[in-house]
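Q: One letter stands for each residue in the lines below.
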Amino acid sequence: MAKKTQKKLSPWEIVQIARHAERPNIADYTRLMCEDFVELHGDRLFGDDRGLIGGFATIGGERVMLIGHRKGRGVEENIEANFGMASPEGYRKAMRLMRLAEKYGLPVVSLVDTPGAYPGSEAEARGQAEAIAHNLEFMSTLKTPVVIVVTGEGGSGGALGIAVGDRILMLENAVYSVISPEGCASILWRDGTKAALAAETLKITADSLKGLGVIDEIVPEPEGGAHADVAQAVAAVRKAVLASLSALKKVPVAELVDRRYAKFAAMGRF
Amino acid sequence: MSWFEKPAEAPARVPTEAIWAVCPSCKAYVAKEVWRAADKVCPKCNYHDRLSCRERVALLTDAGSFKELNAAVSFNDPLKFTDASGAYAAKAKATAEKTGVGESVLTGTATIEGVPVVLGVMDFRFLGGSLGSGTGERILLAAEKAVELKRPLIIVSASGGARMHEGIVSLMQMAKTCAAIARLKEAGLPYLSLLTDPTTGGVSASYAMVGDLNIAEPKALIGFAGRRVIEQTIKQKLPDDFQTAEYTMAHGFVDRIVPRKELKGFLAKVLKYAGF
Ligand SMILES: [Zn+2]
Chain E
14 MAKKTQKKLS
24 PWEIVQIARH
34 AERPNIADYT
44 RLMCEDFVEL
54 HGDRLFGDDR
64 GLIGGFATIG
74 GERVMLIGHR
84 KGRGVEENIE
94 ANFGMASPEG
104 YRKAMRLMRL
114 AEKYGLPVVS
124 LVDTPGAYPG
134 SEAEARGQAE
144 AIAHNLEFMS
154 TLKTPVVIVV
164 TGEGGSGGAL
174 GIAVGDRILM
184 LENAVYSVIS
194 PEGCASILWR
204 DGTKAALAAE
214 TLKITADSLK
224 GLGVIDEIVP
234 EPEGGAHADV
244 AQAVAAVRKA
254 VLASLSALKK
264 VPVAELVDRR
274 YAKFAAMGRF
Chain G
53 MSWFEKPAEA
63 PARVPTEAIW
73 AVCPSCKAYV
83 AKEVWRAADK
93 VCPKCNYHDR
103 LSCRERVALL
113 TDAGSFKELN
123 AAVSFNDPLK
133 FTDASGAYAA
143 KAKATAEKTG
153 VGESVLTGTA
163 TIEGVPVVLG
173 VMDFRFLGGS
183 LGSGTGERIL
193 LAAEKAVELK
203 RPLIIVSASG
213 GARMHEGIVS
223 LMQMAKTCAA
233 IARLKEAGLP
243 YLSLLTDPTT
253 GGVSASYAMV
263 GDLNIAEPKA
273 LIGFAGRRVI
283 EQTIKQKLPD
293 DFQTAEYTMA
303 HGFVDRIVPR
313 KELKGFLAKV
323 LKYAGF
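Protein sequences appear in the order of chains E and G.
In short: position in the first sequence from 1, add 13, done, that's this note's numbering.
In short: position in the second sequence from 1, add 52, done, that's this note's numbering.
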């Protein structure tokens, strides 16, 4: 296994892997992890966000509702997907699909990979804050199992907006943070070049987050990172998701929701 | 020129700071006595200056009714965070001593025109009102107390957002507080959110925006991303009124803008409509 070499990576090096242009994106997961994926469009209020998508999916025979941020491959696709930065209509579409999942008795699988929610004036006008806040509230009481996988960048509130769940998985070289290392460096060090130091100080890597009790499980990546062997990386995620689903499906839904509440209530209780 | 304004040339020997308050918004000089009597609302431009949590409690609740809850819940330093200006733990401790509050939110029980409520009031002086793990825990416990006592919950926000020094643990407080509020709502209890200057970032994107009613003070800054970040993203200057309470109400995310003098009566009236 690649464990020994990868242990030597610095948090800043892991940030580079998490952002790698060839890192598996949601298109790779729907193609390689799912036997079927039926994308469903629109928030029924304003539009259809291309930076956050979702739909029915079948994984190893399990029917689920799959949602996730969408990073593109190449410039054109990335412009369409807004580099995985979702707008309010993306979060509202996710909520609509999760509500549908609850109604149809489907578990939710949420793939998190975003630099952050889109910081644009239109997103503000349409209530980016409200859209995220409402999802946090809604997901905490959702009456169906929810499995979260942080696959790449877990960028602050934009990530959390689809990341409240029963089981939180994180890829070995993914990162999850309250602010980007660059942003933190420019605010707290007043020096954007201190990003590597900020990345280290913020403790944004999977092993740190496991230690802090924020995630449940680390999904191993192929040597060199998930982009080095996309098929193998996706297969590992598939296996971990199926194991989580199978465990969660055994829990009565009322107990599941109570446990989810207790899980988040305990975060930051020292 | 009104009598409360400072003359263009203040007499040289008068100790200026002792007599005059300067409006942070329009920079007008206002006699301190007038400033206090107006609850820190500028008589010239109607800017609602920031209140400390104790000043806010005095403004909104019946005299002597406030009893603090969970004073022992304080900040944590899960990352052992140190930046260019030093250790977070030392800064938080100094702030706690200076402000006399152990976290960026003060929580407790109180009555508003006789109606018993559970109240949380943020204090911008405590590290910019940032949302730390102690803040999240106090808010969660306040919501649970409201459920236990079957009382409405009111939270007054004043915050720049998540507390970077607590990293991912700070981010998780957004989910934690919203989960507690969802439970309170499932119990059929009212939750009123009052957004004051400023309510941005991770606080606007969590408990501040999910009130049964979102109430704002005039001209309060309310938004998700910072103005500078947005301007860099869209490569355009934003209009002055962007992300004001007025802008936020016009876009449908605030129920009502209520001047400071009318807030207590307004809350009491809403609580009556809510059946309390
Ligand atoms: Zn003024």
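Rather than coming from a laboratory, the hints here were simulated on the basis of the structure.
On a predicted model such as this, the values are computed, not experimentally measured, just so you know.
Keep in mind that a hint or two might mislead.
As a list, the in silico SDA-like pairs of lysine to any residue whose alpha-carbon atoms are at most 25 Å apart [said to hold, decoys possible]: (1) G:Lys132 x E:Asn91; (2) G:Lys289 x E:Thr154; (3) G:Lys143 x E:Phe151; (4) E:Lys156 x G:Leu193; (5) G:Lys197 x E:Phe151; (6) G:Lys237 x E:Glu90; (7) G:Lys132 x E:Arg139; (8) G:Lys237 x E:Val247; (9) G:Lys289 x E:Phe96; (10) G:Lys237 x E:Thr154; (11) E:Lys21 x G:Thr134; (12) G:Lys132 x E:Ala279; (13) E:Lys223 x G:Ser137; (14) G:Lys132 x E:Thr206; (15) G:Lys150 x G:Ser137; (16) G:Lys287 x E:Asn91; (17) G:Lys287 x E:Glu135; (18) E:Lys207 x G:Thr285; (19) G:Lys197 x E:Thr154; (20) E:Lys223 x G:Ala141; (21) G:Lys287 x E:Arg139; (22) G:Lys289 x E:Leu113; (23) E:Lys223 x G:Thr285; (24) G:Lys287 x E:Glu90; (25) G:Lys271 x E:Ser134.
Q: Confirm or reject each hint.
A: Evaluation of the provided hints:
At most 25 Å may separate the alpha-carbon atoms for a hinted pair to count; G:Lys132 and E:Asn91 exceed this at roughly 37 Å. For the suggested pair G:Lys289 and E:Thr154, the alpha carbons sit about 40 Å apart, so the restraint of at most 25 Å is broken. Only pairs whose Cα atoms come within 25 Å are accepted, and G:Lys143 paired with E:Phe151 is rejected, the gap being roughly 35 Å. Between the alpha carbons of E:Lys156 and G:Leu193 the distance comes to roughly 23 Å, so the proposed pair stays at or under 25 Å and holds.
Under the criterion of a C-alpha separation no larger than 25 Å, the hint pairing G:Lys197 with E:Phe151 is consistent with the structure, at around 21 Å. Straight-line distance between C-alpha atoms of G:Lys237 and E:Glu90 comes to about 41 Å, which puts the hinted pair past the 25 Å bound. As the CA atoms of G:Lys132 and E:Arg139 are separated by approximately 37 Å, the hinted pair breaks the 25 Å bound. Our distance criterion of 25 Å between C-alpha atoms is broken by G:Lys237 and E:Val247, whose separation comes to about 39 Å.
Between G:Lys289 and E:Phe96 the alpha-carbon distance is near 23 Å, which keeps this suggested pair within the 25 Å criterion. With a CA separation close to 11 Å, the supplied pair G:Lys237 and E:Thr154 stays within the 25 Å bound. Taken as a hint, the E:Lys21 and G:Thr134 pair is honoured in the structure, with Cα atoms around 23 Å apart against an allowance of 25 Å. Distance hint between G:Lys132 and E:Ala279 is fulfilled; the C-alpha atoms sit about 19 Å from each other, no more than 25 Å.
Restraint check for E:Lys223 and G:Ser137: not satisfied, since their Cα atoms lie roughly 28 Å apart, outside the 25 Å limit. In summary, the hint linking G:Lys132 to E:Thr206 is supported, as the alpha carbons are separated by about 22 Å, within the 25 Å threshold. For the suggested pair G:Lys150 and G:Ser137, the alpha carbons sit about 18 Å apart, so the restraint of at most 25 Å is met. Annotation: proposed proximity of G:Lys287 to E:Asn91 holds, straight-line Cα distance about 19 Å (limit 25 Å).
At roughly 13 Å between alpha-carbon atoms, G:Lys287 and E:Glu135 fall within 25 Å of each other, so this suggested pair holds. At most 25 Å may separate the alpha-carbon atoms for a hinted pair to count; E:Lys207 and G:Thr285 meet this at roughly 22 Å. Only pairs whose Cα atoms come within 25 Å are accepted, and G:Lys197 paired with E:Thr154 is accepted, the gap being roughly 19 Å. For the hint linking E:Lys223 to G:Ala141, the alpha-carbon distance of about 22 Å falls within 25 Å, and the restraint holds.
A threshold of 25 Å between alpha carbons decides the hint, and for G:Lys287 with E:Arg139 the separation of about 19 Å falls inside it, so the pair holds. Distance check on the hinted pair: G:Lys289 and E:Leu113 sit about 40 Å apart at the alpha-carbon level, beyond 25 Å; violated. The hinted pair formed by E:Lys223 and G:Thr285 fails the criterion: a straight-line CA distance of about 33 Å is larger than 25 Å. Taking the CA atoms of G:Lys287 and E:Glu90, the gap is about 21 Å. The hint holds against a cut of 25 Å.
Restraint check for G:Lys271 and E:Ser134: the C-alpha separation of about 18 Å stays at or below 25 Å, so the hint holds.
This entry does not satisfy hints 1, 2, 3, 6, 7, 8, 13, 22, 23, going by the numbered hints stated previously.
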